[in-house]
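2 protein chains.
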Amino acid sequence: MAVYTDVSEGELQAFLKGYDVGDLLSYKGIAEGSENSNYLLHTSGGPYILTLYEKRVDHRDLPFFLGLMDHLAHKGIVCPLPVHRRDGALTGSLAGRVAALITFLEGMWLRKPTAAHCREVGKALAALHLAGADFPLSRRNALQIAGWRKLWAGARDRADEVEQGLVAEIDREFAELEKAWPVDLPEGIIHGDLFPDNVFFLGDRLSGVIDFYFACNDFYAYDLATCMNAWCFEKDHSYNLTKSTALLAGYQSIRLLEPAEIAALPVLARGSALRFMLTRLYDWLTVADGALVQKRDPMEIVRRLRFHRAVRSAAEYGIEA
Amino acid sequence: MAVYTDVSEGELQAFLKGYDVGDLLSYKGIAEGSENSNYLLHTSGGPYILTLYEKRVDHRDLPFFLGLMDHLAHKGIVCPLPVHRRDGALTGSLAGRVAALITFLEGMWLRKPTAAHCREVGKALAALHLAGADFPLSRRNALQIAGWRKLWAGARDRADEVEQGLVAEIDREFAELEKAWPVDLPEGIIHGDLFPDNVFFLGDRLSGVIDFYFACNDFYAYDLATCMNAWCFEKDHSYNLTKSTALLAGYQSIRLLEPAEIAALPVLARGSALRFMLTRLYDWLTVADGALVQKRDPMEIVRRLRFHRAVRSAAEYGIEA
Numbered sequence: 000m001a002v003y004t005d006v007s008e009g010e011l012q013a014f015l016k017g018y019d020v021g022d023l024l025s026y027k028g029i030a031e032g033s034e035n036s037n038y039l040l041h042t043s044g045g046p047y048i049l050t051l052y053e054k055r056v057d058h059r060d061l062p063f064f065l066g067l068m069d070h071l072a073h074k075g076i077v078c079p080l081p082v083h084r085r086d087g088a089l090t091g092s093l094a095g096r097v098a099a100l101i102t103f104l105e106g107m108w109l110r111k112p113t114a115a116h117c118r119e120v121g122k123a124l125a126a127l128h129l130a131g132a133d134f135p136l137s138r139r140n141a142l143q144i145a146g147w148r149k150l151w152a153g154a155r156d157r158a159d160e161v162e163q164g165l166v167a168e169i170d171r172e173f174a175e176l177e178k179a180w181p182v183d184l185p186e187g188i189i190h191g192d193l194f195p196d197n198v199f200f201l202g203d204r205l206s207g208v209i210d211f212y213f214a215c216n217d218f219y220a221y222d223l224a225t226c227m228n229a230w231c232f233e234k235d236h237s238y239n240l241t242k243s244t245a246l247l248a249g250y251q252s253i254r255l256l257e258p259a260e261i262a263a264l265p266v267l268a269r270g271s272a273l274r275f276m277l278t279r280l281y282d283w284l285t286v287a288d289g290a291l292v293q294k295r296d297p298m299e300i301v302r303r304l305r306f307h308r309a310v311r312s313a314a315e316y317g318i319e320a
Numbered sequence: 000m001a002v003y004t005d006v007s008e009g010e011l012q013a014f015l016k017g018y019d020v021g022d023l024l025s026y027k028g029i030a031e032g033s034e035n036s037n038y039l040l041h042t043s044g045g046p047y048i049l050t051l052y053e054k055r056v057d058h059r060d061l062p063f064f065l066g067l068m069d070h071l072a073h074k075g076i077v078c079p080l081p082v083h084r085r086d087g088a089l090t091g092s093l094a095g096r097v098a099a100l101i102t103f104l105e106g107m108w109l110r111k112p113t114a115a116h117c118r119e120v121g122k123a124l125a126a127l128h129l130a131g132a133d134f135p136l137s138r139r140n141a142l143q144i145a146g147w148r149k150l151w152a153g154a155r156d157r158a159d160e161v162e163q164g165l166v167a168e169i170d171r172e173f174a175e176l177e178k179a180w181p182v183d184l185p186e187g188i189i190h191g192d193l194f195p196d197n198v199f200f201l202g203d204r205l206s207g208v209i210d211f212y213f214a215c216n217d218f219y220a221y222d223l224a225t226c227m228n229a230w231c232f233e234k235d236h237s238y239n240l241t242k243s244t245a246l247l248a249g250y251q252s253i254r255l256l257e258p259a260e261i262a263a264l265p266v267l268a269r270g271s272a273l274r275f276m277l278t279r280l281y282d283w284l285t286v287a288d289g290a291l292v293q294k295r296d297p298m299e300i301v302r303r304l305r306f307h308r309a310v311r312s313a314a315e316y317g318i319e320a
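Line by line, the protein sequences are chains A and B. Numbering-wise (numbering that gives the first Met the number 0), the first sequence opens with residue 0 and increments by one. Numbering-wise (numbering that gives the first Met the number 0), the second sequence opens with residue 0 and increments by one.
Please note that a few of the clues may not be correct.
Each pair may be met inside one copy or between any two copies, as identical chains are not told apart.
[What the hints assert, rightly or not] Using 25 angstroms as the maximum straight-line C-alpha spacing, the simulated PhoX-like pairs for lysine-lysine come out as follows: (1) Lys54 with Lys294; (2) Lys178 with Lys54; (3) Lys111 with Lys16; (4) Lys74 with Lys54; (5) Lys111 with Lys178; (6) Lys149 with Lys111; (7) Lys122 with Lys111; (8) Lys294 with Lys16.
These are calculated hints, taken from the structure and not from any lab test. Here the structure is a predicted model, which is why all the values come from computation and not from measurement.
All chains, please: the whole structure from these sequences, using the hints.
The structure is reproduced here in structure tokens:
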């Protein structure tokens, strides 16, 4: 939610000389993306997004992230297309940062998505999974259970400050998830962070999927479980079964889930909730008040975790194996 | 440098129904303007800036600010044009804030302006002064010496924390300025904050003057003295006489300064430096580290104040009466 690195007009002009995008008309730092600095550029060739990669992104992963967007866009997924430099490269250097230019997608992210939007998200996620199947690179998911353990180690000491009893509850959750976590589900490239602010709509039409900086290789059904957490809970913490049914049906209209994937949804949803709760908890405890990184209440996600813990089968999500 | 108020797509669509600007395609919160929340909109009718007025702006001043932009734009000044609603109004209500839609100006603000740019700024400032002469509304400058006194009262106790001896120095400065401040110079509408981030260029052509939220009635030469402070000092704190000469010559090519205005420039420049030093000092001492308001070192401006204090006549700025 911030612009960390300021860019001068002169250095931006020099950077753009490496591209075939016309003349620079304006650039504005935009308050989107929590990890990098982003600018919206207007050029005589059209609008673009300029991203400067800050310290939270490992630069060795950029060929994976940008290559994946390139691959998906060429397979018809509505995601930003990294612009190639005249020399063929996808990144350059700007203001002391590695930087990339990507196409700008019109559309708005929805603060209040409906079931119809959830269906479109399900379809887009399945299409993304299919389109990524022949992408030649791979990236380990650093935020699997072992990675969550590390986050938890950094936050556990003070977690009871957030809610009394949270330490015992999360310790128990880890023990159960490590026992119940599936080992043999269909896997491939997942988006990893398909929350509403990463999906654009124009009316009811899904016009863009953005922010591939958590993409990695993992279970497809885990990605779907993240969408359940991201799209189907209401502000009052209730789970909207209509949205969930639409999300899952949308997904299955493009890629049919195997019975084992469906059966695993409750445990995958618990794991996904735990993963997002832990990153929020870490920020909650370590980031100064009023800082540039927006802090969000980890307890909102603990409530989702508790919901999934009480689910006995995926039928409660509106899907039958 | 922040977006304080989030706007949902639904409420923005509803707000835009009051305007004749086509369909909404996208909107991004932009990291510009320290006082208000600003969004860059793309509509089928083109790009626009949406401003939500936050608490630092007195809403009773909006007819002055927006009416002035409207007046100046129609007189050929390259400034944003407030878009009239279908019912004729210049503001509406959005997300619990008073909000206005203004035209988007292409162009970049310059981190490293040259003397040629300073000349253009001088010309634009003089043209703005002339174009504002028949604007029917007026607004008292709240940041004249009496207003500075209030800022100083809120910061004086802790000013020596910033630099030992600052309290005595600024007390002395107030005493001298109150004695030497001119009483009878040509006056009218001034911009009040014409720093480089409020002026856009496309190449060497000045393409926009923005941010009229400090505009008020005061001495024209005071506005010019603010530009000297804003445009003519280098990063190493030296005063660039070439830029100053160009700024003043540019101004005079459009509006000739009276001998009394020229003679008053050193004291006006001291007053302007004091005014901007005090708002920085206030933020420096009161705003939490890492907060959304960007803090800038007040001592940078104290150095400018000291420079002007040593100036014996405006000839040292590159202008003769």
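Each hint tested on the structure:
1. Lys54 with Lys294: Result: close both inside a copy and across copies, 18 angstroms intra and 23 angstroms inter.
2. Lys178 with Lys54: Cα proximity of Lys178 and Lys54: none, with 34 angstroms in one copy and 53 angstroms across.
3. Lys111 with Lys16: Classified as between; 19 angstroms across copies, 41 angstroms inside a copy.
4. Lys74 with Lys54: Intra 30 angstroms, inter 48 angstroms, cutoff 25 angstroms: neither.
5. Lys111 with Lys178: neither (36 angstroms within a copy, 60 angstroms between copies)
6. Lys149 with Lys111: neither (33 angstroms within a copy, 45 angstroms between copies)
7. Lys122 with Lys111: Answer is within: at 19 angstroms inside a copy they meet the 25 angstroms cutoff, but 49 angstroms across does not.
8. Lys294 with Lys16: neither (38 angstroms within a copy, 33 angstroms between copies)
In summary, the structure is inconsistent with hints 2, 4, 5, 6 and 8 from the numbered list given earlier, while agreeing with the others.
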